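Protein chains: 2
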Amino acid sequence: MDKKRVYTFGNGKAEGKADMRNLLGGKGANLAEMNLIGVPVPPGFTITTEVCQEYFDLGRDRVVELLKEDVEAAIKNIETLVNAKFGDVENPLLVSVRSGARASMPGMMDTILNLGLNDEVVEGLIRKTGNDRFVWDSYRRFVQMYGDVVLGMKPVNKEDIDPFEAIIEKVKQEAGVRLDNELSVDNLKDLVKRFKAAVKAQTGCDFPTSAVDQLWGAVMAVFDSWMNERAILYRKMEGIPAEWGTAVNVQAMVFGNMGNTSATGVCFSRDAATGENLFNGEYLINAQGEDVVAGVRTPQQITKIGSQRWAERAGISEEERASKYPSMEEAMPEIYNELNRLQQQLEDHYRDMQDMEFTVQEGKLWFLQTRNGKRTGRAMVKIAMDLLAEGKISEEEAVLRVEPNKLDELLHPVFDKKALLSAKVLTKGLPASPGAATGRIAFFADDAAKMAESGEPIILVRLETSPEDLAGMTVSEGILTARGGMTSHAAVVARGMGKCCVSGAGALHVDYKNRTVEIEGHEFKEGDWISLNGSTGEVYEGKVETRAAEMDADFAKLMDLADKYTKLKVRTNADTPHDAAIARSFGAVGIGLCRTEHMFFEGEKIKAMREMILAENQEDRVKALKKILPYQQDDFKGIFKAMDGFPVTVRLLDPPLHEFVPHDIAGQQAMADQMGVSIQKIQHRVEALCEANPMLGHRGCRLGNTYPEITEMQTRAILGACLELKKEGVKCFPEIMVPLTGILYEFQNQETVIRQAAEKLFEEKGDRIDFKVGTMIEIPRAALTADRIASRAEFFSFGTNDLTQMTFGYSRDDIASFLPVYLEKKILKVDPFQVLDQKGVGKLVRMATENGRAVRPDLKCGICGEHGGEPSSVKFCHRVGLNYVSCSPFRVPIARLAAAQAAIEDKK
Amino acid sequence: MDKKRVYTFGNGKAEGKADMRNLLGGKGANLAEMNLIGVPVPPGFTITTEVCQEYFDLGRDRVVELLKEDVEAAIKNIETLVNAKFGDVENPLLVSVRSGARASMPGMMDTILNLGLNDEVVEGLIRKTGNDRFVWDSYRRFVQMYGDVVLGMKPVNKEDIDPFEAIIEKVKQEAGVRLDNELSVDNLKDLVKRFKAAVKAQTGCDFPTSAVDQLWGAVMAVFDSWMNERAILYRKMEGIPAEWGTAVNVQAMVFGNMGNTSATGVCFSRDAATGENLFNGEYLINAQGEDVVAGVRTPQQITKIGSQRWAERAGISEEERASKYPSMEEAMPEIYNELNRLQQQLEDHYRDMQDMEFTVQEGKLWFLQTRNGKRTGRAMVKIAMDLLAEGKISEEEAVLRVEPNKLDELLHPVFDKKALLSAKVLTKGLPASPGAATGRIAFFADDAAKMAESGEPIILVRLETSPEDLAGMTVSEGILTARGGMTSHAAVVARGMGKCCVSGAGALHVDYKNRTVEIEGHEFKEGDWISLNGSTGEVYEGKVETRAAEMDADFAKLMDLADKYTKLKVRTNADTPHDAAIARSFGAVGIGLCRTEHMFFEGEKIKAMREMILAENQEDRVKALKKILPYQQDDFKGIFKAMDGFPVTVRLLDPPLHEFVPHDIAGQQAMADQMGVSIQKIQHRVEALCEANPMLGHRGCRLGNTYPEITEMQTRAILGACLELKKEGVKCFPEIMVPLTGILYEFQNQETVIRQAAEKLFEEKGDRIDFKVGTMIEIPRAALTADRIASRAEFFSFGTNDLTQMTFGYSRDDIASFLPVYLEKKILKVDPFQVLDQKGVGKLVRMATENGRAVRPDLKCGICGEHGGEPSSVKFCHRVGLNYVSCSPFRVPIARLAAAQAAIEDKK
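Residue numbers (the UniProt record's numbering), protein chains in the order written: chain A, 1 to 908; chain B, 1 to 908.
A hint or two may mislead.
When chains are identical, the list treats them as one kind, so a pair holds in a single copy or across two.
[Said to hold, decoys possible] List of simulated lysine-lysine pairs, DSS-like, C-alpha gap at most 25 Å:
#1 Lys196 - Lys907
#2 Lys860 - Lys839
#3 Lys4 - Lys189
#4 Lys17 - Lys727
#5 Lys637 - Lys772
#6 Lys428 - Lys681
#7 Lys567 - Lys826
#8 Lys428 - Lys406
#9 Lys681 - Lys525
#10 Lys236 - Lys772
#11 Lys825 - Lys623
#12 Lys825 - Lys760
#13 Lys392 - Lys627
#14 Lys3 - Lys605
No lab work stands behind these hints: they were computed from the structure.
Note that the structure is predicted; figures quoted are calculated from it, not measured.
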């Protein structure tokens, strides 16, 4: 027997079902499934994905031959079910033709609606519907869609505009109107005429009038679209094989605008904003789908309670509401009851909140689509936990139901929705650190500190930030910078602090001298109000009220579940006791990255640090470092105490020394005065520290290897802190981390310095403590020679920020000049600083982990780049077999959830 | 039978031979070999490397037990042969004890001379030699050496100086003398006494007086030295297994200072400077080895002809020479004849020029050492070709005999030796591009051009150079920069031009404003004379005469031989017809890297380029680029013509755009005037182009992908040039190279632009030409995803400069701040920008080649970084299976030779 090529569905019957996705495509399988569970769907049929392959193998004619009989039978089936006839003038059946592949390929291939119309059918349909405007509008849309998709009516030259759009423009001009919907019926008729003439002129053929010819043309065009450039590129990027092919779905059209017994609407089985288990949605009587979203008429609520709530918010009296905006529950009670029953059935069947489209055509309800509904983070958590409580899904499913990134919404302040309505967007930068913030503008860290003393909220506005701005950032509600990407200093630090940040807002013209900033023609002075949305990158004029985040019982339940299933541990990147405490409250089980830069900055420390930088011999450097030691030891005490019982990985000094010296004349003069040397001496030193590419310069363990006394001092501070805490009963697990290792001997020399300093300290103090010495893997060479480095290093921590910079050859501070173009042209699918590049950077992580463990099986491996809080990257870390990920405190719950999902997906 | 542990040699007999290197160590095997071929060598014996292992396994006592009988017999054998007795007072045998491993480990382990001395033997020896000063000096040296090596007399604290040196200092102070050789015999006696007291004080033991005890102590100390820290580190770095162990060589001492029938000297079987086949050397009657090199007495020549030549150069009359400085040939004719016969025998035996040490003790000639002699590059070539012509070595051997790097000497000007004697070194920078240069200082490219017009030689002195300085570099004899490493802009460009360059001379303080440079307290003005040695990095005050390089027939013969055996092709990096022609004359078979940057710089081009950079839309950019097109096409025509018949790889525009705009106010104003816009506009654009890390910024194909019109224009210029040349009968093989690819789609988009532009051009011109499209592999990610990129790229060219930068995370412009420390601390053995890092960067090259060819078996792979001209890197490229290396024109012969050597070594 020949294989089956056409699967029909309709009236509660279907030849396919949900699990035949590979053969029928996602849409086709779903349409069949809805039929099978008794949901009314406009009848139709699906041509299988296998036929697509045959089309490319055998050609059009042979495929038409193979399909002809089955398609005719399937059309007949539709005609019977809807009591209309394909191509008939008086009672015409119109159909839609849509593609539908195994994997979703949104927008890649085209759709044709209203197929079956021609000049005569149009007249018949007008007679039937009494709505000549609707029919002619449908007709002109059909001709345009069909001309474009099937007949290849594209611009001749790249520079030309679409030929149909050109005609529309001309007709509108002649009619003296601006919008499409201002065109008269005669204008629409004129459009159709001109469209057809254009087709004739460009293709040499008449527009097909036969419904059957139209259908074959559309089916073949869908197959062709599988091989169009867009689709090929998309498949290549998503790794979808060309052999999969696309199915073709042909379905009877239904119309919600055939009078007062017709309607159309969208509905949700639960509240998409809050997650509340409350059926809701909007509809319009005598309307088509687009009317609901177009905003020309005010859509009405589906349920009475929804309608009442809506009226209350809009300030409309119950009388007015009931008369002008009745709910469907009130206006069409029977239909409503059926809709309500069916939506519950669909949710129960798909075991998730559904987002549905429906049309009522002359009193008959049809579902056009159902899919899992999009929802806010809060709703996502609530719905998953509710479905679990209702016994509808398992624990594992509940964990998998929540998109980890959506948790972010629950952790940061947001704008008050009402306040936002009247807020004015000034510009848009990069959404560098989520949350909402409003405050008064400060341009300098010290000004910010002073202004904050009065209790006023501050927004720190800068070209870019540097470690010198840390104190200012700490006191600010949010940070706005003109330069820098998603992993610029401002962005990374802000995320670490859980503070809102918009970075790289190129429209900002900051004038430090006059303490003003100009944004798209608006000038703001110090002290003026401004507001930031760090989740979208939007910058608002003036004060926009915010409200705090609140975590609820559902969130806690979800986190407990995640811990039950996870294998990967989640640590945090924290440099202060405050951050460490927040991270612990979010469930972090250690610090994966404690940066020590800030321990060289504040007050007396920076003075001593500058003395060290200015020193011309080791002796003077040691002297200066001795002054810093007690401060650092105190800092470490605070952190280890906050992480009592958990490991803390401390990274030795990493940034280039030039970050610690002033680059402006005034600062240099002040430093000269303080040090008692000439400003020339300061300037010479600053000049000597300047680098062409500081990212690739004298930093990381290159500092420790040139100035071992820094490493010595830091080792004493770390272990000295631990020894003191040991007396207080605090359990410390110090892990000393050498940054930027590229060569075994680089690490080995530092390790020797650390172990010698430790032994000396232990001897002095008459007590000792266990500690580990390991290294960041952030230089490609370190990853490539991981077997050598693991011969000495006790742990690896992948610094994927720098590893990404060097593997791609991208400076994250400069990427803004081409990243947008790369994303737009799809050269990059995502920013590799946000989502770990698994093919390149990930390959290094995998190689290094495997080769390192081949030499040292118990090598502890973790990741401490920004990627440690990004779900797909966390999952990759699980698959590679890392022991932990470490991320900003506010990303900890996200990482915990992603880690649990990875473990559950792994089990499957 | 128990295994043999001790191998004796002496008097023409030996139990070992040359090929027993693994068992006897290099020195032991060689001493045996000399005996076997009849060369008189002081008799002795070798304890095998296997005993070293036994020593560590079984311990000292057991090993002494195992060796005792054999060593006693071997000592007896020496006593018989030299007619003296070990430990005897009247006729004492003194011996030397030396280590000798399989592989040479220079300076890693210690030597003890004059072993067998004690207070009584000293007296006997004085009676025998009549030279109390010599004997006491030998004694104090022995006690010091033995105390240090065997008895462990090291400083107690790291900060202390050596305990023996401390005593010497004290005695000199007391005696009121400055130099060791000013010490009286009594002082020397005093030293021995104090040394022994110090040994007693620090170790608690008396200094051993028994010769046998001394011997065992020395043998065991040699074994111990195999495990000292220095040796372990050295082995680790060189990959020498610890199991190899070291042998111990014990040999009778001979003395050349026992009267007028004794002498000592060094000699060479050929002239080490010129390669001439002329026996030569120096000697001194009644002297020890050190006297020949110490310069206290004037050494005399060995041959009469040598002596006469020497006198002529020194302006000494024949009479004076013959009486005061007679040659050995004249003074000791019999000994001379034997020496002459033996040196020839040794050369014939080792089939290479020998560097020999000998001692005549009371009329008896002893050879102490023979080894292949060091020689200049010129001598190296001549000797290899002569030995080949003499039928002594094969072609392959002749090729292997020349160190490729030594060819450099033959290709560049050098200082006149006499002139150099009186020249004053000001400072030392990096030897960035070899050769010697002398000229007048210019600080700016345009000044240099003007000054050069008068025919004066120019040295361009700058903080660092940029592409704007190209014209100035072209007219200069040499370039001196204060900043930048071996692969800085100045260095790379200078090497490409074959021009002398010293870079990174940190002692320079350049004051552009006043047009002066201060070097270590000396100030130089524009127009002052200065001289550079680019082979050593030395900077000389004033004018130092230079002489040109000359290539001879031997060199040509060597190159022909190299071509006969090589597999790897050698191309050149050349950006101009001039460079291409030089490289062809040196044997390059194509251009592996033609940079196009300079084609945007000169005259009208830079104006159009700046218009392009200032353009705000594609249309204006295209307009500006159209102006550059004809210039570029002409440039390409010249290059393709010069490379007629060979492939030319053209790299598309690579550097960041900021290199094309002026960074000083005056330049910006000039540009503003020229463009007819405000200076603010220029400054805004320049500011926008500035990057934190330009090396990792908007450059390479990131430019071509954001501005495809640049790629389009360059494609037209390249292929347009080829089409025109085709008409003239020139054979062009263009290879268009996309720089800085990191992502497949980056390349793919550029490839599409190139192919479309090509088709359009071919259609317009009605003619076509074959071309390839490939990419640089210089981003780690490109190497990691080479299989993907090879699916589209037709060739790979490894840009190992940038690949090294990114794999190590080093900016070559900034490396000077830590590279010296890294080299000193042996964290790095060599500068990875000079010698390809095979473990890390090389791993990427290998992976990329293998993975690329797995997808595209005929993928052409080459290297075009600076490493393409460095011998060990070239050999690596051969082993990895690359098709070609490409290097500066002046490195082409070096690369050709290295490639041939790699192929010959491979066959073995």
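Hint by hint, work out which the structure violates, then give me just those numbers in ascending order. 1, 3, 4, 7, 13, 14
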